[in-house]
Amino acid sequence: QKEVEQDPGPLSVPEGAIVSLNCTYSNSAFQYFMWYRQYSRKGPELLMYTYSSGNKEDGRFTAQVDKSSKYISLFIRDSQPSDSATYLCAMALYNNNDMRFGAGTRLTVKP
Amino acid sequence: NAGVMQNPRHLVRRRGQEARLRCSPMKGHSHVYWYRQLPEEGLKFMVYLQKENIIDESGMPKERFSAEFPKEGPSILRIQQVVRGDSAAYFCASSPRGPGYEQYFGPGTRLTVT
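So the protein lines, in turn, are chains L and D. Quick note: the first sequence, position 60, residue 95 per our numbering, numbers continuous. Quick note: the second sequence, position 11, residue 1043 per our numbering, numbers continuous.
If you are wondering where the hints come from, they were derived from the structure by calculation, not from laboratory data. Predicted model only: the values in this text are computed from it and were never measured. Just so you know, even glycine gets a beta-carbon here, dropped at the ideal spot from N, CA and C. Among these hints, one or two may not hold up.
To be verified - Some chain D residues close to chain L (C-beta under 10 Å, calculated; not the full set):
1. Y1067
2. Y1080
3. E1084
4. G1091
5. F1097
6. A1120
7. F1123
8. C1124
9. R1142
10. V1145
Given these sequences and hints, build the entire structure.
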C-alpha cells in the first residue's frame, strides 16, 4: 500500500461545477497537509496549506482534513477552464524533511 | 519578488555525460529541496539542504548523484555518468522555515538522456 493514495483520474467536469479531489494516507503521524496545482510542463504551485483537522477556505478553494479517517479533500467551487491542471496532495510529518506527494489527479474543466 | 529559479529548463545529455542542474531559492529562503518527477508519477524527495549543509539525502541514489548549496550562489544537483533512467523532471523547492512548512517550487529542469 502506498503511503499516500490519490486517484489519477482523469476527471472532466463542465464549467461552473463543484470539483472534489481527494487523498487518503496510511501514516497517522502526518501533521501538515498541502495541495499543489501543476500545469503541464510547469512546477507545482502551492494552493493550500493546513496543519490541523477541519476546513480552510481561500476564494473558490476549500481544503478539508479529517485526521481520524486519514482523508483530505480539496473542493473547487465555480470551476473554470483555467483550473484545468494536475492537482497534487502532499503531506509531511512534524519536523520531517521528506514531504510525501500523491501521484496527482488530472482535471479538465470544459467550457 | 522573484520566485524559485531553475536552469537550464531543458537539458539533453548522452549516456555517460554529467548533468548539472541549478536552483536559486526565493529571496530570504535558506532551505532547499530537490525532487524528481517521472511521467505519471508523483514527486519523489531526493535531498534537503541548508546553506553549506546537506541535512537529509535519504532520497538520493548513493552513487552518481550529489548536491550542494554553497554559501554564495545557487544549489547544484549533479548527476555523473547519466543513464537513460535518469531522464525525468527535476524540481527544486525552497522554504523560509524548513521541514514541514510550505515549499515553493521552481519551474523544473527536464533532463533527457539519449
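Is the shortest C-beta separation between E1084 of chain D and chain L less than 10 Å? With Cβ-Cβ at 17 Å, over 10 Å, it is violated.
Cut-off 10 Å, beta-carbon criterion: hint that F1097 of chain D touches chain L: violated, 16 Å
Is the shortest C-beta separation between V1145 of chain D and chain L less than 10 Å? violated, 18 Å
Hint check: 10 Å Cβ-Cβ cutoff, C1124 of chain D to chain L: Holds - the Cβ of C1124 of chain D comes within 10 Å of chain L, reaching about 9 Å at its closest.
Under the criterion of a CB-CB separation shorter than 10 Å, is Y1080 of chain D in contact with chain L as hinted? This hint holds: Y1080 of chain D lies near chain L, its Cβ roughly 4 Å from the closest one there, short of 10 Å.
For the hint on R1142 of chain D, does the least C-beta distance to chain L fall short of 10 Å? holds, 8 Å
Hint check, G1091 of chain D versus chain L [nearest Cβ-Cβ separation less than 10 Å]: At 7 Å from the nearest chain L Cβ, G1091 of chain D passes the 10 Å test, so the hint holds.
Interface hint status, F1123 of chain D versus chain L (Cβ within 10 Å): holds, 6 Å
Quick check on the hint: Y1067 of chain D CB to chain L CB, less than 10 Å? holds, 8 Å
Does the CB of A1120 of chain D sit less than 10 Å away from some CB of chain L? violated, 13 Å
Comparing the model with each earlier hint shows violations of hints 3, 5, 6, 10; every other hint is respected.
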